[in-house]
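Using my numbering, the first residue of the sequence shown is number 89, and each one after it goes up by one.
Since the hints were made in silico from the structure, they are not lab data.
Accuracy of the hints is not assured; some may be wrong.
Taking lysine to any residue and the SDA-like style, the derived pairs with C-alpha atoms no more than 20 Å apart in a straight line are [to be verified]:
no.	residue 1	residue 2
1	K113	R347
2	K113	E245
3	K113	Q345
4	K113	Q377
5	K113	I241
6	K113	R301
7	K113	L283
8	K113	V391
9	K113	P303
10	K113	E240
11	K113	R409
12	K113	L221
13	K113	R279
14	K113	L390
15	K113	V546
16	K113	A273
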Amino acid sequence: MSAAPRASAPEPVSRTRAALQSYLKRRTATMLVLGAACGLPLLTISNVLGLWLTDNGVSMTDIGLFAYTLLPYSFKFVWAPILDQVHLPVLHRLLGKRRSWMLVAQLGILIAFAGLCFSNPRTDLVQVALFALLLGFSGASQDISVDAWRIEIAPREEQGTMLGAYQLGYRLTALATAALTPYIAQLASWRTGLLFLGCLIFLGMGATFAARRPPESDAAEQVDIAEKKLHIRGRTGSALGWFYAAVVAPFVDFFRQHRWAGLLILVMIGTYRLPDFIMGTVARPMYRQSFSLVEIGTMSGLVGVWVTIAGALLGGFFVFRLGIMRSLFIGLIAVIAGNLTYALLAASGHNLAMFAIAIGVENLASGFAGTALLAYMSSLTSAAFTATQYALFSSFYALPGKLIGGVSGVFVDWFAHHRSIFDTWLPGTGGLPGNVVGFVPFFIATASAGIPALVLLVLVYRLETRAPCESIRQQSELR
């Protein structure tokens, strides 16, 4: 009797087809719209408020202070336990935990836009600041619920494609805030532009209602355990037990799974995007040394946005096809390469071809690495603490880069003042114009900042694959 024939389609082909098909699912389309809704508050504050305030004669000092309205995004883990464990009356029964909190956050965003539309920065600057702060807080709260919904609604192998769709929606909002809204403001008024942006949140509300309700899990078991450990019953016991389950248990759960390797994981997450965050602060000033505003707008605004979208979608495909850890390695190496191309750009002067290459490589790497890292952070969460744990990871991963990025201009000036030193190991930099010479060694240094993250990634990979208590979701990914 002859042996049974083998399957004709090889495994790589089937996984490639599955990765492509995952982009065509309904939940992926929902994720795209929710991603656009998540980008709306943050990008409005980043891209629109500064221009609006400038046109109304607000001082640069006051405009700079508006950056603090984005602080809720760095501290959203503080109130994430409430969104993770509290059930809203009526709305929870109709929509479930995640979608009900999404809707409440979106209502806050709508109120904030309405307040901004009817405020005058010339006479009501404090009022504008309060509504901007409400916009930032509501946007961060929406992020918490959307991230938790994404993790719970899709299997782990599809998190990459879900994040690719999320970033696509986010970048479409970037076009609406950075390009379309100023155009509307010039043709009509800033109030019309803000009204246009405010109406976009209705798309997010529609996606909230259209989204499927994911399986829900809470920390009720942890509450009982806490009450027994503390030997406290009644209302006091329930309150302390809830606090333990909502605030303490997510961290205990994480370190119980990963032991001391959890510290390495957190450090790796915090350093993974370090090169991007440090160089991002001075990238545009470097452009302006050699290129016109039209050239900068064309390359970074139009080309850069679409290449980032391509990188995000490609990152989602690779996460599905090759797994999270391999994608993390590829993304980090690409980020290092992207920073090195900026060093070449700084040394090339007015070279549009080099400008296009640098923008293309850096944005492609940024979109790819961002998707891979977010997918990895999603894989670390537990079902009972999805919102709290992911809020912690997403708040922490950008914090070191933001702190160091604030002094990046100091590093550029220091490199420029010591140009003779660097000319010995970077021949030719000493002959560059004084206004660009500091950028070449600076971008080489930012590329080098990715090496510690690469070492940590190797260590995390080895420890996680060898750990006897490794979680199931990590095992299948790290084989």
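May I ask which of the numbered hints given earlier this structure violates, with the numbers listed in increasing order? 1, 3, 4, 7, 8, 12, 13, 14, 15, 16
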